[in-house]
Amino acid sequence: MTDYSQIPSPCYVLEAKKLIQNLELIDSVQKRAGVTIILALKGFAMFSTFPIVRKYLKGTTSSSLFEARLAREEFGGEIHLYCPIYQENEFPDLIKGATHISFNSLRQWEQFKEKTLSTQISPGLRINPEYSPVEQDIYNPSSPLSRLGIRAEVLGDKLPEGIEGLHCHNLCESNSQALVRTLEQIETLFGHHLPQIKWLNLGGGHLMT
1 MTDYSQIPSP CYVLEAKKLI QNLELIDSVQ KRAGVTIILA LKGFAMFSTF
51 PIVRKYLKGT TSSSLFEARL AREEFGGEIH LYCPIYQENE FPDLIKGATH
101 ISFNSLRQWE QFKEKTLSTQ ISPGLRINPE YSPVEQDIYN PSSPLSRLGI
151 RAEVLGDKLP EGIEGLHCHN LCESNSQALV RTLEQIETLF GHHLPQIKWL
201 NLGGGHLMT
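Take the sequence shown: its letters are residues 1 to 209, numbered as in the working numbering.
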């Protein structure tokens, strides 16, 4: 039994046993589903736990320059990047060591295409499936006025040359039924692109633990 009165304050306290239980559950899901689950650093960046976490997860996703640096210096493995906006002056440092990057629009892809293709990074596009279980429009990444991701009619019938993946993020603490609906939407709107890609990133918000 932990004597919490002996723990100095302020500090962060993490129960490693419970973390490992969650990681074992997540690992079971990824093995049974045949997918790769990565750690979103914007949600959990306690790097002192990374020696434990990377026993179960093979990579991370970053949404800022310093998250990408944390991934590179402290976690390793696959490093995925996505930002709604990339800064020209930060981009060279941002992509150091990255393995995958997703662009929010066709214009953004054109802006950074040359710099991306000069590396070994696998580039993708964020798509808008026009569905999300999130009820409040202000938080809904797939709302009619959302600028997050590319709609099917904008993307067209053919992916831009050089694009290797698609990225969809529309869930928030969502169950498997919401994921099924999302996959159905992707197949309906973007199914003709799926044979052309090497990877599909389904974002975060999957409630597993």
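What the hints contain is simulated information worked out from the structure, not anything from laboratory work.
Ideal Cβ placement from N, Cα and C applies to all residues, glycine included.
Mixed in with the good hints there might be a few duds.
Claimed, not checked - Mimicking EDC-like on lysine to aspartate or glutamate, the simulated pairs with C-alpha atoms at most 16 Å apart in a straight line are:
| hint | residue 1 | residue 2 |
| --- | --- | --- |
| 1 | Lys55 | Asp27 |
| 2 | Lys198 | Glu74 |
| 3 | Lys158 | Glu187 |
| 4 | Lys96 | Glu130 |
Stated by the list, open to error - Label-pair ranges, simulated between beta-carbon atoms:
| hint | residue 1 | residue 2 | range |
| --- | --- | --- | --- |
| 5 | Met1 | Pro160 | 28 to 34 Å |
| 6 | Gly191 | Pro8 | 33 to 39 Å |
| 7 | Glu161 | Glu135 | 47 to 53 Å |
| 8 | Arg147 | Val35 | 25 to 31 Å |
| 9 | Glu88 | Pro8 | 42 to 48 Å |
| 10 | Tyr12 | Val35 | 26 to 32 Å |
Status of each hint after checking the structure:
1. Lys55 to Asp27: It holds: about 10 Å lies between the C-alpha atoms, which stays within 16 Å.
2. Lys198 to Glu74: Not satisfied, since the Cα-Cα distance of roughly 27 Å exceeds 16 Å.
3. Lys158 to Glu187: 15 Å, holds
4. Lys96 to Glu130: 33 Å, violated
5. Met1 to Pro160: 28 to 34 Å: 59 Å, violated
6. Gly191 to Pro8: 33 to 39 Å: 55 Å, violated
7. Glu161 to Glu135: 47 to 53 Å: At 38 Å between Cβs, range violated.
8. Arg147 to Val35: 25 to 31 Å: 28 Å, holds
9. Glu88 to Pro8: 42 to 48 Å: 44 Å, holds
10. Tyr12 to Val35: 26 to 32 Å: 30 Å, holds
The structure fails hints 2, 4, 5, 6 and 7 (numbered hints given earlier, in ascending order).
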